[in-house]
Amino acid sequence: MSLWTTAGPAVAAAFVASTVEVVEAFTILLAVSTIRGWRPPLIGGGAALLVLAVVVAALGPLLSLVPLHALQLAIGVLLLLFGLGWLRKAVLRAAGVIPLHDEVAIFERERLGLGDAAGGLAALAAFKAVLLEGLEVVFIVLAVGAGGGALTLWSAAIGALGACLAVVAVGLAVRRPLSRVPENSLKFAVGVMLSAFGVFWTGEGLGVSWPGDDLALPAFAALFLVAGLALTPMARRRAA
Amino acid sequence: MKLIGEVLAELFGMFVSDWPLTVLVLALVVAAILVLKLAAVSALLVGAGLLLGAVAILAFAVLSTDRT
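Residue numbers (this note's numbering), protein chains in the order written: chain A, 7 to 246; chain B, -11 to 56.
The hints are simulated quantities; they were obtained by calculation from the structure and are not laboratory data. Be aware that one or more of the hints could be misleading.
Said to hold, decoys possible - FRET-style restraints, in silico, Cβ to Cβ:
hint, chain 1, residue 1, chain 2, residue 2, range
1, A, 117, B, 22, 29 to 39 angstroms
2, A, 106, B, -2, 27 to 37 angstroms
3, B, -4, A, 111, 20 to 30 angstroms
4, A, 119, B, 18, 16 to 26 angstroms
5, B, 44, A, 213, 14 to 24 angstroms
6, A, 180, B, 27, 24 to 34 angstroms
7, B, 18, A, 178, 46 to 56 angstroms
8, B, 25, A, 105, 41 to 51 angstroms
9, B, 11, A, 72, 19 to 29 angstroms
10, A, 236, B, 25, 32 to 42 angstroms
11, A, 221, B, 25, 21 to 31 angstroms
12, A, 167, B, 33, 15 to 25 angstroms
13, B, 30, A, 119, 49 to 59 angstroms
To be verified - Some residues of chain B that are not near chain A, with every Cβ distance over 10 angstroms (derived):
hint, residue
14, 27
15, 31
16, 45
It should be emphasised that the depicted structure is a prediction, and the values quoted were computed from it without experimental measurement. By construction, the Cβ of each residue, glycine as well, lies at the ideal position given by its N, Cα and C atoms.
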């Protein structure tokens, strides 16, 4: 196993998956900032980040108490549920069976929903958005990284941190909802990667020695990618 | 309390937003465990079944969804 085959998929999966979540949180922070300025979203978002830090600090040491195979099996099943769910929705959105996720519409809905809300309510909206999307990022980092030891866990954390920095930097530069992020394509890619990780960790948890060790991951991802691409026109035809 | 309830509901929804898919995935994993424990089938064969079963579940979940 090389450093690249161990760390590469974890960094990429965590980066892409976290990008989707951070874009969703940023859209709401931006909507809140247009109503009450940047103070409430900074206070609410900052408080949510503190809560997330406490959750990570509390959960981190607990992971080392769980036997590795049990941890791999549990994480593998959760990843399969999460990954196949994302891939299903991405295929259905690409096929036009269900509507695409629209960041501009969410931005407007959030703005209208807040109306002339007081600073406290605006901060609470920011807190909730950052906490929810942040918990999903924490789950993604733990799920992608925890089954493979310290190297993959750190790789996943670096991928997620890179996504946060990239989205915040681009978002602050354009100061608009990041509607041009190809969100469905990202979700398709995330669904493919998380499903591949899910099968890999579930198998490892059951005692399967995959041929090629970590090299099995790209092969699994290729299979889910081909399946997703093949299912898109089939779903489109079926819904027509 | 309302906020905690909403956060927990959102987290729960991450995994069970589509319950037939959830049930099928859990059934696949339970079947894989049972085959491994009760039958003398090699772990690699069970792994292959897990992989192909996951792809089949994806196909079923996609093709059984009606337009919204």
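The hints, checked one at a time:
1. 117/A / 22/B: 29 to 39 angstroms: Check failed, 52 angstroms falls outside 29 to 39 angstroms.
2. 106/A / -2/B: 27 to 37 angstroms: 21 angstroms Cβ-Cβ, so the 27 to 37 angstroms window is violated.
3. -4/B / 111/A: 20 to 30 angstroms: Because 26 angstroms falls inside the window, the suggested range holds.
4. 119/A / 18/B: 16 to 26 angstroms: Violated, at about 42 angstroms.
5. 44/B / 213/A: 14 to 24 angstroms: At 23 angstroms between Cβs, range holds.
6. 180/A / 27/B: 24 to 34 angstroms: violated, 57 angstroms
7. 18/B / 178/A: 46 to 56 angstroms: holds, 47 angstroms
8. 25/B / 105/A: 41 to 51 angstroms: holds, 44 angstroms
9. 11/B / 72/A: 19 to 29 angstroms: holds, 25 angstroms
10. 236/A / 25/B: 32 to 42 angstroms: For residue 236/A and residue 25/B the Cβ distance comes to about 34 angstroms; the hint holds.
11. 221/A / 25/B: 21 to 31 angstroms: holds, 28 angstroms
12. 167/A / 33/B: 15 to 25 angstroms: Check failed, 40 angstroms falls outside 15 to 25 angstroms.
13. 30/B / 119/A: 49 to 59 angstroms: With a Cβ separation near 56 angstroms, residue 30/B and residue 119/A satisfy 49 to 59 angstroms, so the hint holds.
14. 27: holds, 13 angstroms
15. 31: Nearest chain A Cβ is 5 angstroms from residue 31/B, so the label is violated.
16. 45: Its Cβ does come within 10 angstroms of chain A, the nearest being 6 angstroms, so this is violated.
The earlier numbered hints that this structure contradicts are 1, 2, 4, 6, 12, 15, 16.
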